[in-house]
Amino acid sequence: MKIKIFAYTICIFAIILMQSTVFEYVRIYNVKPNLFIVFIVSIALLRGNVEGAVVGFFAGLSQDIMSGKLLGFYSLLGLYLGLLLGSVNKRLYRENILVVIFFTFISTVAYEVVVCVFGLLFITEVDIVYAMKNIILLEALYNCLAAIFIYIIAVKLNHKFEAANSSKRKY
Amino acid sequence: MLRLIKSKFFIVMTVTILMLVVIGVTSSRVSQLNWLNNIISVPLSPVQKFFSYSSQKIEGGFGYFKDVKQVKNENEELKNKISLLEKENRELLRYRVENKELREVLDLKDQFNDYEMVGANVIAKDPGNWFGIFRIDRGGKDGIKSAEGMYYPVINNRGLIGVVLNSDIISSKVVSIIDPGSSVSAIISKTRHQVIVKGDLSLKEKGFCKMDLIPLDADIAVGDTVETSGIGGIFPKGILIGKVKRVMQSGNELGRYAIIEPSVDFKRLEEVFVLKNKTNINEAGSMEK
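Chain order of the listed sequences is S and Y.
Going by my numbering, the first sequence opens with residue 16, and the numbers climb by one from there.
Going by my numbering, the second sequence opens with residue 24, and the numbers climb by one from there.
FYI, nobody ran anything at the bench for these hints, they're computed from the structure.
Treat the hints with care, as some may be off.
Said to hold, decoys possible - Capping the alpha-carbon separation at 30 Å, the derived lysine-lysine pairs in DSS-like fashion look like this:
id : chain 1 : residue 1 : chain 2 : residue 2
1  : Y       : Lys92     : Y       : Lys80
2  : S       : Lys19     : Y       : Lys72
3  : Y       : Lys290    : S       : Lys84
4  : Y       : Lys31     : S       : Lys17
5  : Y       : Lys266    : S       : Lys17
6  : Y       : Lys268    : S       : Lys148
7  : Y       : Lys266    : S       : Lys148
8  : Y       : Lys31     : S       : Lys19
9  : S       : Lys84     : Y       : Lys72
10 : S       : Lys84     : Y       : Lys110
11 : Y       : Lys229    : S       : Lys148
12 : S       : Lys148    : Y       : Lys290
13 : Y       : Lys92     : S       : Lys84
14 : S       : Lys175    : Y       : Lys92
15 : Y       : Lys229    : S       : Lys84
16 : Y       : Lys72     : S       : Lys17
17 : Y       : Lys92     : S       : Lys171
Claimed, not checked - To list a few chain S residues with every Cβ distance to chain Y over 10 Å, as calculated:
id : residue
18 : Lys17
19 : Val65
20 : Leu94
21 : Phe120
22 : Val124
23 : Val130
24 : Ile138
25 : Tyr145
26 : Leu156
27 : Ile163
28 : His174
29 : Lys175
30 : Ala178
31 : Ser182
Just so it is clear, CB atoms sit at the ideal spot from N, CA and C, and this is done for glycine as well.
Full structure from sequences and hints, please.
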């Protein structure tokens with residue numbers, strides 16, 4: 016349990032750091048990927064809805080604190096993303112990378128549409144078509160690419176957790 | 024089993040309601056919950072500082088290998104410019120003294136004199152793609168404490184950047200003027216017409232903003248400068264915002280807007296200044312945000 020919390024904390028901190036500093040320089044067509052979504056999707060698919068929701072919540076919370084205008088907005092989004100994806104994880108063959116890529120795409124689009132509607136549409140007028148074409152779809156594509164790498168890391172973490180779990184059961 | 028699901032559902036609902044309350048509470052700029060931000064931002068800020076500093080340095084390092092010839096030409100040009108500017112500067116100095124004397128005679132209050140400038144570094148940008156928010160490495164310990172009626176405008180040597188949204192011990196969040204949802208009361212320098220400069224999602228990526236609510240009789244042209252009007256109590260009067268890049272007509276006569284090119288380059292923000300009001304009693308405090 017301890018090692019799990021430690022690993023997740025490190026991952027979330029690493030993601031915020033990259034997302035807020037280095038990624039600024041790797042923007043393609045002015046859009047950068049959102050590793051938070053990819054991470055939540057990977058963990059939720061591999062570890063189920065409880066861990067998905069918890070990781071989603073804390074990843075969202077840290078994003079809120081880093082840059083949110085409101086505290087709690089991204090946390091709730093992350094919580095529900097992790098919860099929903101964690102709930103489908105038993106029904107599919109999740110070792111397949113294509114499944115992960117597919118879900119990353121779907122969840123990025125859903126997540127960013129929610130951010131756009133609740134975060135912007137109520138404050139100012141927003142061109143939804145523009146946002147969809149120039150930000151959301153592009154970001155979803157980058158996220159799919161990033162999903163490959165993040166998923167590999169997540170699978171390794173998963174093996175470690177399972178190994179730690181089974182070694183504990185011996186005693 | 025049913026109980027477990029029920030309790031899970033219960034936990035999710037509790038967290039949801041709790042977070043909705045937190046959203047409600049933090050939606051005001053000055054809320055008691057801002058101390059929560061310290062939990063993550065305090066350990067993270069130094070690391071972010073290091074990361075953004077080194078990535079800036081790396082980016083600068085690539086620029087070093089640019090064409091030497093170009094640099095030489097530029098050097099020559101700049102030298103010519105310097106001599107021109109020096110001449111102009113001498114003239115302006117004379118004007119400044121004159122201006123000061125005249126102001127004293129007229130007893131005009133200089134708005135900038137009420138402010139103290141605090142230098143800060145940009146340590147982190149917005150992790151997402153939607154907002155124009157960034158973090159700076161100055162916070163409560165440097166006297167930037169968000170309170171009712173206290174606004175901290177952020178500028179650099181070229182013009183207006185934004186305003187501090189909230190702050191924790193060692194860092195603060197700044198909303199830039201290109202953030203969709205920010206709006207600044209402004210005037211056109213030439214004609215003194217009042218307008219609103221807003222952030223816009225589709226212009227944000229180019230670093231531009233939108234000028235709205237242009238009066239019908241205002242005669243604006245490409246290249247006109249726009250500055251803050253001082254109305255609203257957030258920004259002091261007379262900070263340069265930018266230049267008119269294009270005037271657009273959408274539909275009817277009233278649907279006129281313009282695209283503003285801010286004088287600040289938002290892609291390369293490194294050092295900024297936070298304007299801190301010296302007088303703690305802000306007359307504009309009761310004005311709305």
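Hint check results:
| no. | hint | result |
| --- | --- | --- |
| 1 | Y:Lys92 - Y:Lys80 | holds (23 Å) |
| 2 | S:Lys19 - Y:Lys72 | holds (28 Å) |
| 3 | Y:Lys290 - S:Lys84 | holds (21 Å) |
| 4 | Y:Lys31 - S:Lys17 | holds (22 Å) |
| 5 | Y:Lys266 - S:Lys17 | violated (56 Å) |
| 6 | Y:Lys268 - S:Lys148 | holds (25 Å) |
| 7 | Y:Lys266 - S:Lys148 | holds (29 Å) |
| 8 | Y:Lys31 - S:Lys19 | holds (20 Å) |
| 9 | S:Lys84 - Y:Lys72 | holds (21 Å) |
| 10 | S:Lys84 - Y:Lys110 | violated (47 Å) |
| 11 | Y:Lys229 - S:Lys148 | holds (16 Å) |
| 12 | S:Lys148 - Y:Lys290 | holds (22 Å) |
| 13 | Y:Lys92 - S:Lys84 | violated (47 Å) |
| 14 | S:Lys175 - Y:Lys92 | violated (56 Å) |
| 15 | Y:Lys229 - S:Lys84 | holds (22 Å) |
| 16 | Y:Lys72 - S:Lys17 | holds (29 Å) |
| 17 | Y:Lys92 - S:Lys171 | violated (52 Å) |
| 18 | Lys17 | holds (19 Å) |
| 19 | Val65 | violated (7 Å) |
| 20 | Leu94 | violated (6 Å) |
| 21 | Phe120 | holds (16 Å) |
| 22 | Val124 | holds (13 Å) |
| 23 | Val130 | violated (6 Å) |
| 24 | Ile138 | violated (4 Å) |
| 25 | Tyr145 | violated (5 Å) |
| 26 | Leu156 | holds (13 Å) |
| 27 | Ile163 | holds (20 Å) |
| 28 | His174 | holds (26 Å) |
| 29 | Lys175 | holds (24 Å) |
| 30 | Ala178 | holds (26 Å) |
| 31 | Ser182 | holds (26 Å) |
Of the numbered hints given earlier, the model fails hints 5, 10, 13, 14, 17, 19, 20, 23, 24, 25; all others are met.
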